[in-house]
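Asker: Now for the letters of each chain:
Number of protein chains: 2
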Amino acid sequence: MVMTKCDQASIKTAGLIIIGNEILSGKTQDQNSFFLATELRSLGVSLLRISVIPDDLEMISKEAALFSSAFDVVFTSGGVGPTHDDITMEGIAKAFGVQLMRHPVLERTFHERYGKAANVAIMKMADVPAGSEVVEFETRNFPLVVFRNIYIFPGIPRYLQEKFNLVRERFRTSVFFLKRIYLRATEADIAAILNVVVEKNDCVTFGSYPILGNDDYQIIVTAESKIEADLAVALEELLGKLPGNIIVKIA
Amino acid sequence: MVMTKCDQASIKTAGLIIIGNEILSGKTQDQNSFFLATELRSLGVSLLRISVIPDDLEMISKEAALFSSAFDVVFTSGGVGPTHDDITMEGIAKAFGVQLMRHPVLERTFHERYGKAANVAIMKMADVPAGSEVVEFETRNFPLVVFRNIYIFPGIPRYLQEKFNLVRERFRTSVFFLKRIYLRATEADIAAILNVVVEKNDCVTFGSYPILGNDDYQIIVTAESKIEADLAVALEELLGKLPGNIIVKIA
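Keeping their order, the protein sequence lines are chains A and B. For the first sequence, my numbering gives the first residue as 2, with consecutive numbering after it. For the second sequence, my numbering gives the first residue as 2, with consecutive numbering after it.
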């Protein structure tokens with residue numbers, strides 16, 4: 002998917018693991034995937050996989066191990082609270098054969114914040130896979146924990162977004178250049194032309210998306226690349242081959 | 002996750018594969034996951050995994066093989082149009098070592114519908130993994146193709162929903178019974194109590210979800226089961242242990 006010759010950045014790829022029965026059962030609509038997909042794209046990172054899995058130790062463990070080795074950076078969402086179904090930390094520790102350890106910064110923070118109310122459930126949230134980094138934080142909420150290349154986020158969208166903003170600049174890399182071509186046509190009309198241009202332009206990714214219920218255009222073709230010059234060449238070629246009267250706009 | 006003794010239905014589990022670069026890059030917000038999660042739950046089916054992957058032959062093939070063996074029924078969304086990035090059928094065929102074959106019903110349908118406009122791109126959509134079933138259809142759109150236990154849906158939400166409605170009754174099984182308990186408390190307050198009740202009630206699944214910005218309640222605890230009597234026992238036990246003054250409502 003991400004060809005090395007087309008992307009020289011050090012952080013190229015990301016994977017996202019959404020942990021939570023409530024998403025799979027339709028009780029809650031996932032908002033974190035779209036937020037992170039949008040953010041990562043604007044930072045230049047290719048999100049290559051999203052996996053939504055239950056609050057299940059074995060599944061979390063397997064997915065964390067797989068994602069950590071497959072992608073440059075991994076994000077998890079959910080399962081970091083104080084109740085029985087919050088087992089993300091345990092799952093990640095299991096994946097790498099390390100113990101859960103009480104992190105001194107978290108322990109101190111929770112004691113300061115909760116005082117006598119810092120019971121076993123609260124202190125459970127201070128237990129992280131041995132070797133985890135705690136990212137400095139200024140918000141009222143829980144700190145962001147990072148284990149190896151895995152960023153462990155809470156599931157509540159507002160908290161996830163606050164924490165992501167603490168670290169987003171770590172991921173910024175060379176950006177994608179994108180053009181959208183709006184066409185008055187069906188996909189069948191342009192498929193043959195598109196195929197020829199796709200074949201010849203290795204470092205440009207094309208997409209074709211039908212749009213329903215719009216009188217002005219019926220397809221958006223997207224062309225994108227990390228190499229601006231390659232995108233310009235591909236775009237010129239495509240526009241040269243498409244019948245001029247179906248091109249509504251380019252943006 | 003789904004314990005056999007707690008669920009005697011023949012269709013118990015489902016997996017969903019969302020295929021599309023446009024979701025991973027944040028260009029489009031996925032609506033199909035939430036729709037199918039909600040529908041499957043109301044039919045009594047446990048959706049156990051959602052995977053969002055790129056338009057990549059190898060990834061589609063691997064995921065289709067994995068999901069087909071892991072779950073009773075599998076749904077895919079996207080990648081069934083006429084352009085170069087529509088390779089879902091090819092990926093599924095590869096997963097099972099079968100050829101793509103032109104399906105006679107689809108071939109006839111497309112010829113009737115498009116006449117002379119039925120070019121190579123259009124007819125590509127008649128090529129399905131050998132052995133596929135075509136579900137009868139009355140809508141104007143493309144038919145629903147089923148290969149083994151894999152239901153192959155288009156990515157456009159309106160089309161996916163229309164097609165799902167053609168077959169939804171195939172999946173109906175024993176339903177889940179669900180109770181929500183709204184609490185004026187923090188998760189830390191109730192975690193210990195919840196743990197005891199969770200331990201003792203094998204066939205009941207509990208969830209605990211913090212709610213932000215609500216003055217009336219701050220947690221929703223969910224309890225659900227396919228066995229109504231077990232749910233009643235667990236609920237009674239939980240309500241007996243929780244302090245009465247934190248219970249806002251049960252629904």
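Rather than coming from a laboratory, the hints here were simulated on the basis of the structure. Hints are not guaranteed to be accurate.
Pairs involving identical chains hold if they fit within one copy or between any two copies, as the list cannot separate such chains.
Straight-line Cα separation of at most 20 Å, EDC-like style, residue types lysine to aspartate or glutamate; simulated pairs [as the list claims (entries may be wrong)]:
id	residue 1	residue 2
1	Lys242	Glu200
2	Lys250	Glu91
3	Lys201	Glu238
4	Lys201	Asp57
5	Lys180	Asp203
6	Lys28	Glu40
7	Lys95	Glu134
8	Lys6	Asp57
9	Lys28	Glu225
10	Lys63	Glu225
11	Lys242	Glu59
12	Lys250	Glu170
13	Lys6	Asp203
14	Lys63	Glu237
15	Lys6	Glu113
16	Lys250	Asp216
Asker: If a hint holds in the structure, say so; if it doesn't, say that too.
Answerer: Hint check results:
1. In this homomeric assembly, Lys242 and Glu200 come within 20 Å of each other (Cα to Cα) only inside a single copy, at 14 Å, whereas the closest approach across copies is 66 Å.
2. In this assembly of identical chains, the alpha carbons of Lys250 and Glu91 never lie at most 20 Å apart, being 51 Å within a copy and 32 Å across copies at closest.
3. Within a single copy, Lys201 and Glu238 get their C-alpha atoms as close as 10 Å, which meets the 20 Å cut-off; across copies the closest is 67 Å, which misses it.
4. Taking the shortest alpha-carbon separations for Lys201 and Asp57, only the inter-copy value of 18 Å comes in at or below 20 Å, while the best intra-copy value is 45 Å.
5. Proximity of Lys180 to Asp203 under the C-alpha cut-off of 20 Å is restricted to the intra-copy arrangement: shortest distance 16 Å within a copy versus 54 Å between copies.
6. For a Cα distance limit of 20 Å, the shortest separation of Lys28 from Glu40 across copies, 11 Å, qualifies, whereas the shortest one inside one copy, 25 Å, does not.
7. Proximity of Lys95 to Glu134 under the C-alpha cut-off of 20 Å is restricted to the intra-copy arrangement: shortest distance 17 Å within a copy versus 42 Å between copies.
8. For the identical chains of this complex, Lys6 and Asp57 are inter-copy neighbours only, at 18 Å across copies versus 39 Å inside a copy, given an alpha-carbon limit of 20 Å.
9. For the identical chains of this complex, Lys28 and Glu225 are inter-copy neighbours only, at 12 Å across copies versus 36 Å inside a copy, given an alpha-carbon limit of 20 Å.
10. Taking the closest pair of Cα atoms, Lys63 and Glu225 never come within 20 Å of each other, the shortest separation being 33 Å inside a single copy and 26 Å across copies.
11. Neither within a single protomer nor between protomers do Lys242 and Glu59 lie at most 20 Å apart by alpha-carbon distance, with minima of 52 Å and 30 Å respectively.
12. With identical chains, the CA atoms of Lys250 and Glu170 are never at most 20 Å apart, being 33 Å at best within one copy and 44 Å at best between copies.
13. In this homomeric assembly, Lys6 and Asp203 come within 20 Å of each other (Cα to Cα) only inside a single copy, at 9 Å, whereas the closest approach across copies is 53 Å.
14. Taking the closest pair of Cα atoms, Lys63 and Glu237 never come within 20 Å of each other, the shortest separation being 45 Å inside a single copy and 36 Å across copies.
15. Taking CA atoms no more than 20 Å apart as the test, Lys6 paired with Glu113 passes in neither setting, with 51 Å inside one copy and 46 Å between copies.
16. For the identical chains of this complex, Lys250 and Asp216 are intra-copy neighbours only, at 14 Å inside a copy versus 49 Å across copies, given an alpha-carbon limit of 20 Å.
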